[in-house]
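*Asks:* Keeping their order, the protein sequence lines are chains A and B. Under numbering that gives the first Met the number 0, the first residue of the first sequence carries the number 0, and numbering increases by one thereafter. Under numbering that gives the first Met the number 0, the first residue of the second sequence carries the number 0, and numbering increases by one thereafter.
Note that these hints are calculated values from the structure, not bench results. These numbers were taken from a predicted model, which means no experiment stands behind them. There could be a bad hint or two in this list.
Which bits of chain B does chain A cover? Going by a derived footprint, with three or more residues having C-beta under 8 Å, they are [claimed, not checked]: (1) 1-11; (2) 90-100; (3) 248-256.
No more than 20 Å apart at the CA atoms, straight line, and that leaves these computed lysine to any residue pairs for SDA-like [to be verified]: (4) B:Lys-250 / A:Lys-93; (5) A:Lys-70 / B:Pro-101; (6) A:Lys-93 / B:Gly-85; (7) A:Lys-93 / B:Ile-17.
What follows is a list of derived Cβ distance ranges for each label pair [to be verified]: (8) A:Glu-259 / B:Lys-249: 58 to 64 Å; (9) A:Ser-73 / B:Gly-55: 53 to 59 Å; (10) B:Lys-166 / A:Lys-264: 56 to 62 Å; (11) B:Lys-166 / A:Gly-165: 23 to 29 Å.
Where is the CB? At the ideal position from N, CA and C, for every residue including glycine.
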Amino acid sequence: MEIALSVRNLRKTYDNGVEALKGISFDVNQGDFTALLGPNGAGKSTTIGIISSLTNKSAGDILVFNRNTDKEFSVIKKDIGIVPQEFNFNQFEKVGDILRAQAGYFGIDSRTAAVRTEKYLKLLDIWNKRNEPSRLLSGGMKRRLMIARALVHEPKLLILDEPTAGVDIELRRSMWDFLVDLNRSGTTIILTTHYLEEAEHLCRTIAIIDHGEIVENTTMKKLLAKLDRETFILDLANEQNAPVEIPDIAVKLIDTTTLEVEVTKKSSLNEIFKSLDGKGIKVTSMRNKTNRLEELFVNLVKNGSNGH
Amino acid sequence: MRLKEQLIAIKTILVKEIRRFLRIWVQTLIPPAITVVLYFVIFGQLIGSRIGEMGGFNYMQYIVPGLIMMAVITNSYSNVVSSFFGAKFQRSVEEMLVSPMPNYIIIWGFILGGVARGMAVGALVTILALFFTSLSVFNLPVTISIVFLTAIVFSLGGFINAVFANKFDDISIVPTFILTPLTYLGGVFYSIDLLPPFWAAISKANPIVYMVNGFRFGILGVSDVGLIETYGMIAFFIVVLYFWALYLMKKGIGIRS
Numbered sequence: 000m001e002i003a004l005s006v007r008n009l010r011k012t013y014d015n016g017v018e019a020l021k022g023i024s025f026d027v028n029q030g031d032f033t034a035l036l037g038p039n040g041a042g043k044s045t046t047i048g049i050i051s052s053l054t055n056k057s058a059g060d061i062l063v064f065n066r067n068t069d070k071e072f073s074v075i076k077k078d079i080g081i082v083p084q085e086f087n088f089n090q091f092e093k094v095g096d097i098l099r100a101q102a103g104y105f106g107i108d109s110r111t112a113a114v115r116t117e118k119y120l121k122l123l124d125i126w127n128k129r130n131e132p133s134r135l136l137s138g139g140m141k142r143r144l145m146i147a148r149a150l151v152h153e154p155k156l157l158i159l160d161e162p163t164a165g166v167d168i169e170l171r172r173s174m175w176d177f178l179v180d181l182n183r184s185g186t187t188i189i190l191t192t193h194y195l196e197e198a199e200h201l202c203r204t205i206a207i208i209d210h211g212e213i214v215e216n217t218t219m220k221k222l223l224a225k226l227d228r229e230t231f232i233l234d235l236a237n238e239q240n241a242p243v244e245i246p247d248i249a250v251k252l253i254d255t256t257t258l259e260v261e262v263t264k265k266s267s268l269n270e271i272f273k274s275l276d277g278k279g280i281k282v283t284s285m286r287n288k289t290n291r292l293e294e295l296f297v298n299l300v301k302n303g304s305n306g307h
Numbered sequence: 000m001r002l003k004e005q006l007i008a009i010k011t012i013l014v015k016e017i018r019r020f021l022r023i024w025v026q027t028l029i030p031p032a033i034t035v036v037l038y039f040v041i042f043g044q045l046i047g048s049r050i051g052e053m054g055g056f057n058y059m060q061y062i063v064p065g066l067i068m069m070a071v072i073t074n075s076y077s078n079v080v081s082s083f084f085g086a087k088f089q090r091s092v093e094e095m096l097v098s099p100m101p102n103y104i105i106i107w108g109f110i111l112g113g114v115a116r117g118m119a120v121g122a123l124v125t126i127l128a129l130f131f132t133s134l135s136v137f138n139l140p141v142t143i144s145i146v147f148l149t150a151i152v153f154s155l156g157g158f159i160n161a162v163f164a165n166k167f168d169d170i171s172i173v174p175t176f177i178l179t180p181l182t183y184l185g186g187v188f189y190s191i192d193l194l195p196p197f198w199a200a201i202s203k204a205n206p207i208v209y210m211v212n213g214f215r216f217g218i219l220g221v222s223d224v225g226l227i228e229t230y231g232m233i234a235f236f237i238v239v240l241y242f243w244a245l246y247l248m249k250k251g252i253g254i255r256s
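Next comes chain A alone, as it looks inside the complex (with noise of 0.2 Å):
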């Protein structure tokens, strides 16, 4: 499989001293829907500045699809799509322009560039706002604004830092859609977010960087396999007072109708259930009490940051 994004050795140090990247190695191969994660300050929007050429590098070799960044940048960029974190678009200039412009600045020819404009405008629902100022629009009107512009010519990998920040629960999911839509039809995908859960929801690979290095870089499910214990919150159907005592698992009653169950991989869900029927408590719904994800992400990074 051709790798789409390899990164070696990367590092920066900027001017006042602050070392953001400390030599960091991943790949992303083609076709993944990757995960970039890290707690704030950790280099992700440095990585991506690099990538995207925003930001010097003080050294290491970036690879998009087996051409050095060094060497052939102009032809890299017409690869890569980005949408960064932050809102970077001329708040003056009309919808419809700040696309057609983009697809200028690429070379691709007015006609295919109108035509684009239209398609990427439509599939992120505000080809009605295409004649609107752009500071008119909503925050998550801004958001998909940034996705149709980094995608107008049409890119092979498109890397998102935090795309869904501030958008409402119904937008998100409908940008998840999009997205996982998009990565099925080829298009190698990178993001970077604070939901865990979007990342759990929607990528494949991940690689996590905090202070500056790799922690981890796997497969979703070979770290997701890593958890050795999840914690369940259990709903009760009648109250109880007396505390619940089940052989070899920890339980905590929260409330009278509440339990929190922690599950190990040796013991099973079956189990508890078992016992529970045993002693009488009926459970009407069962839910984690934080995400999978979520509790791997930060044992990894409490472990990283213990060791600086």
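Fit chain B to the known structure of chain A by using the hints.
*Replies:* What follows is chain B alone, placed relative to chain A:
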């Protein structure tokens, strides 16, 4: 990027720049027109009638080329400095930086935008001048080439100013403290032959003297400096400023972290 793609890219920036200054015509086209009309009325008609002839022409005719050139210089400079700084400020410059456009296409796109506004304002001022005096063109190729090349020089100046500017105040420092004094002392309102020899020699270090006089030669056929020196001076500034701008873009100064 292939040549055809580069041409599309440069046309995109140029069209965008023209649209920008036409969209805000009240700020970009009307103020220079009003300023120049005031110059025509006060210096040309009221004071000029008492000054008499200069270089064989009445005072109004003598100052018209300089005033046109002054408008071209100011507007080509301010178009690029405000547009490029605005793009930096709003971060929309990133749209260009992530594209495959080479740096020289970005520079020339903005420069041509500045030239377009300089020429548009120059044409407007020329039309207004015709309400106050009669004008005939002595040498059309010289007139057109001098005004075009001068607009390039000051568009490049505006571009470099914008690259270094970190706040809005920074884009008015050069026009206020350098451009305006040099323009006023650049022979717009007088022939440098009227100055004492020392000050006349000092004036010849002012590049605007060459541009104003070169343009005046194109319109009236009179000049305080030679045509070859004029073209040489303009070419020198274009080359120096262009490679400076290119260097700044390559290093990413003010635009890349």
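*Asks:* Next step is simple, just say for each hint if it's right about the structure.
*Replies:* Hints and how they fare:
Check result for the region 1-11 of chain B against chain A: holds, 8 residues qualifying (beta carbon to beta carbon below 8 Å, three or more required). Judged by the Cβ-Cβ criterion of 8 Å, the region 90-100 of chain B is covered by chain A as claimed, because 10 of its residues qualify and three suffice. Only residues whose beta carbon comes within less than 8 Å of a beta carbon in chain A count, and the region 248-256 of chain B has 3; three or more means the coverage holds. This hinted pair does not check out: Lys-250 (chain B) and Lys-93 (chain A) have alpha carbons roughly 31 Å apart, beyond 20 Å.
The straight-line distance between the Cα atoms of Lys-70 (chain A) and Pro-101 (chain B) is roughly 13 Å, inside the 20 Å bound, and the hint therefore holds. With a C-alpha separation of about 16 Å, the suggested pair Lys-93 (chain A) and Gly-85 (chain B) falls inside the 20 Å cut-off, and the hint holds. Only pairs whose Cα atoms come within 20 Å are accepted, and Lys-93 (chain A) paired with Ile-17 (chain B) is accepted, the gap being roughly 15 Å. For the pair Glu-259 (chain A) and Lys-249 (chain B), the beta carbons lie near 59 Å from each other, so the given range of 58 to 64 Å is met.
At about 55 Å, the CB distance of Ser-73 (chain A) to Gly-55 (chain B) agrees with the hint of 53 to 59 Å. One distance hint, 56 to 62 Å for the beta-carbon pair Lys-166 (chain B) and Lys-264 (chain A), holds here, with the actual separation near 58 Å. The hint said 23 to 29 Å for the Cβ distance between Lys-166 (chain B) and Gly-165 (chain A), and at roughly 27 Å that hint holds.
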